[in-house]
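S.K.: Residues per chain are reported as follows:
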Amino acid sequence: MIEINGLTCSYDKKTILKDINLSIKNHVSILGANGSGKSTLAKTICKLTNFNGDILLDGTNTKNIDSNTMAKSICYIPAKLEIYDSFISVEEFVLQGRFPHKKGFFDYSDNDKTITKQTLEFLKISHLKEHTLSSLSSGEQQLTLIAQALTQQSKIIIFDEPTANLDPKNSKIIAQHIKGLKDYHQVILITHDLNLASYINSNIIFIKDKETTLYEDSFFTNENLQRLYGVKFESLAVKYD
Amino acid sequence: MIRFIVWFLLFAVLLISPFLGAVPLHVEDILNPTHINNAIFFDIRLPRVLFAFFAGAILSLSGLLFQTLFRNALMTPYTLGISSGAVLGAGIAIKLGLSTFVFGIAAISVFGFIGALFTVFLLIYLARFLKSSQQESLLLLGIALSLFYTSALMIVFYLGDTMQNDMLIRFTMGSLSIIGWQNPVVLGIISFLLLIILYMYRFELQLLSISESGAKLKGVDTKKVTLKLLIISSLGIGTLVSISGPIGFIGLIVPHMVAKLYPSTVDKRILKTALFGGFFLVFCDTIARILQTQSELPIGIITALIGGPFFIYLIITKASK
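If you read the protein sequences in the order shown, they are chains A and B.
The opening residue of the first sequence carries number 3 in the working numbering; numbering runs sequentially from there.
The opening residue of the second sequence carries number 97 in the working numbering; numbering runs sequentially from there.
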């Protein structure tokens, strides 16, 4: 349960989000044009950017939650992986998801390693475990990021444009995984991919003109889409199911 | 195989290093307690080799730490002006004629530490005005600070008398000429501390070496950890520089060599970097002692002669990526 009260967020003197009041109780997909503030909203929830206002996570203000507890309740998956270290392998990277559960200065436990192994098998990327992260394709990178998020075992998972760099086949694989995760996690999906959003079938938050609107049903009508995006839609092209 | 050869050669240099220098030493003289060479070996050569070893370890570990925390191959205490800050601090202490000890800590070391720490805080403060994509600007800030400190040191020179200036000039060249066991022991303790603390934070460093936001999202209190580690490494650099003067480029070269030898994540390279750095500086110091002409070549000159071209190489390979 995320409650956002009077959230305002500016970047370089430009206001991105203005006085947002939202309550996210369940799965939700966040849509909006480029630069409308979708990612910014997600990043404020994870305390990655500065903001004014209050965000409550299960009733506690995120300003009073330490980073370790944050990591146990929220996981954010970026659209693209930023990596400086070019040596890290898929297995080592996925194991890092266990960091918030790790005890003190000790090594990752056998349990952590088992969870990592099972997650890699579940996502069918065990064959990549020795590969370095920098050698992966975009699709493999996205799967690796999801694997890391799964080992983290947080209640909420935020996907930031998971299919943005993927071909149709990989998009479909990722989409199916995201849908499957709805049974175990609260899934917040940020996307431009309308097919994906309609397939995932969560409530929609649309961000326009620094403000948010919640659509609980009947979002995907041609009139709605035309009004919000300002272009004509015939029909949605790729079907995920 | 290459790894074995490299480590073997470096270790061999460490073993024969105490026997090389201006005065050739023979084993029977060394073992004779009344012979002058016994004193040369145990009070000058041996402490110096150990001093060089620990100095190399501190410089390399700090280099590895800075490169990891800033995720930039060119970031070291030396290139960011932190060494220069320590030099200025220590220089001022020399000018003021402070040779007092407080709880066994030399006043010069305290000034060196303050100089290093002040520079770290100044850089952190200034970095707030930069965007995260402007990492290179931080390097330029470091260079600007170095130039500023050098000028400030010139003022110290200008005000000093001839004897003080001679001391200062030799100090700024970087030298490992020490006598007795106090300095190696102090540096030994500090390098162990630095090694243990970096090891304790190895998984945080592994996360930070991927990306800062990533580390934060996995539960690392990035600001706190970064600050803590920077302060501890400033303590090491400040103390070292106040004894030896600035020894450049070791922190730049060694972590890269170790990464080439062992392409693995940073947590697995901490101990190796410390050892390799120790061996490598002993190796450089041995060259300095063998090459000596009228008087001994300062170590800082040797490391800069090797490190300068290496720095250029790194910038070029980085730019071509």
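Some hints could be false.
Stated by the list, open to error - Here are the simulated lysine-lysine pairs, PhoX-like style, with alpha carbons at most 25 Å apart:
(1) Lys227/B - Lys49/A
(2) Lys414/B - Lys104/A
(3) Lys414/B - Lys115/A
(4) Lys364/B - Lys65/A
(5) Lys356/B - Lys65/A
(6) Lys324/B - Lys104/A
(7) Lys105/A - Lys320/B
(8) Lys171/A - Lys181/A
(9) Lys49/A - Lys319/B
(10) Lys174/A - Lys15/A
(11) Lys364/B - Lys49/A
(12) Lys119/A - Lys320/B
(13) Lys234/A - Lys319/B
(14) Lys184/A - Lys119/A
(15) Lys49/A - Lys119/A
(16) Lys65/A - Lys49/A
(17) Lys324/B - Lys49/A
(18) Lys119/A - Lys104/A
(19) Lys356/B - Lys104/A
(20) Lys131/A - Lys82/A
(21) Lys171/A - Lys184/A
(22) Lys15/A - Lys324/B
(23) Lys324/B - Lys20/A
(24) Lys82/A - Lys119/A
(25) Lys16/A - Lys227/B
(26) Lys126/A - Lys171/A
(27) Lys74/A - Lys212/A
(28) Lys356/B - Lys105/A
(29) Lys324/B - Lys82/A
(30) Lys105/A - Lys364/B
(31) Lys15/A - Lys74/A
(32) Lys324/B - Lys65/A
(33) Lys324/B - Lys131/A
Simulated from the structure, these hints should not be mistaken for lab results.
Model, not experiment: these values are computed from the prediction.
S.K.: Next step is simple, just say for each hint if it's right about the structure.
M.R.: Going down the list of hints, with the structure as the test:
{"no.": "1", "hint": "Lys227/B - Lys49/A", "result": "holds (17 Å)"}
{"no.": "2", "hint": "Lys414/B - Lys104/A", "result": "violated (35 Å)"}
{"no.": "3", "hint": "Lys414/B - Lys115/A", "result": "violated (35 Å)"}
{"no.": "4", "hint": "Lys364/B - Lys65/A", "result": "violated (34 Å)"}
{"no.": "5", "hint": "Lys356/B - Lys65/A", "result": "violated (42 Å)"}
{"no.": "6", "hint": "Lys324/B - Lys104/A", "result": "holds (20 Å)"}
{"no.": "7", "hint": "Lys105/A - Lys320/B", "result": "holds (18 Å)"}
{"no.": "8", "hint": "Lys171/A - Lys181/A", "result": "holds (16 Å)"}
{"no.": "9", "hint": "Lys49/A - Lys319/B", "result": "holds (13 Å)"}
{"no.": "10", "hint": "Lys174/A - Lys15/A", "result": "violated (39 Å)"}
{"no.": "11", "hint": "Lys364/B - Lys49/A", "result": "violated (30 Å)"}
{"no.": "12", "hint": "Lys119/A - Lys320/B", "result": "violated (32 Å)"}
{"no.": "13", "hint": "Lys234/A - Lys319/B", "result": "violated (47 Å)"}
{"no.": "14", "hint": "Lys184/A - Lys119/A", "result": "holds (22 Å)"}
{"no.": "15", "hint": "Lys49/A - Lys119/A", "result": "violated (30 Å)"}
{"no.": "16", "hint": "Lys65/A - Lys49/A", "result": "holds (8 Å)"}
{"no.": "17", "hint": "Lys324/B - Lys49/A", "result": "holds (21 Å)"}
{"no.": "18", "hint": "Lys119/A - Lys104/A", "result": "holds (16 Å)"}
{"no.": "19", "hint": "Lys356/B - Lys104/A", "result": "violated (30 Å)"}
{"no.": "20", "hint": "Lys131/A - Lys82/A", "result": "holds (19 Å)"}
{"no.": "21", "hint": "Lys171/A - Lys184/A", "result": "holds (21 Å)"}
{"no.": "22", "hint": "Lys15/A - Lys324/B", "result": "violated (32 Å)"}
{"no.": "23", "hint": "Lys324/B - Lys20/A", "result": "violated (36 Å)"}
{"no.": "24", "hint": "Lys82/A - Lys119/A", "result": "holds (23 Å)"}
{"no.": "25", "hint": "Lys16/A - Lys227/B", "result": "holds (15 Å)"}
{"no.": "26", "hint": "Lys126/A - Lys171/A", "result": "holds (15 Å)"}
{"no.": "27", "hint": "Lys74/A - Lys212/A", "result": "violated (30 Å)"}
{"no.": "28", "hint": "Lys356/B - Lys105/A", "result": "violated (31 Å)"}
{"no.": "29", "hint": "Lys324/B - Lys82/A", "result": "violated (30 Å)"}
{"no.": "30", "hint": "Lys105/A - Lys364/B", "result": "holds (19 Å)"}
{"no.": "31", "hint": "Lys15/A - Lys74/A", "result": "violated (33 Å)"}
{"no.": "32", "hint": "Lys324/B - Lys65/A", "result": "holds (22 Å)"}
{"no.": "33", "hint": "Lys324/B - Lys131/A", "result": "violated (33 Å)"}
Checked against the numbered hints given earlier, the structure breaks hints 2, 3, 4, 5, 10, 11, 12, 13, 15, 19, 22, 23, 27, 28, 29, 31 and 33 and satisfies all the rest.
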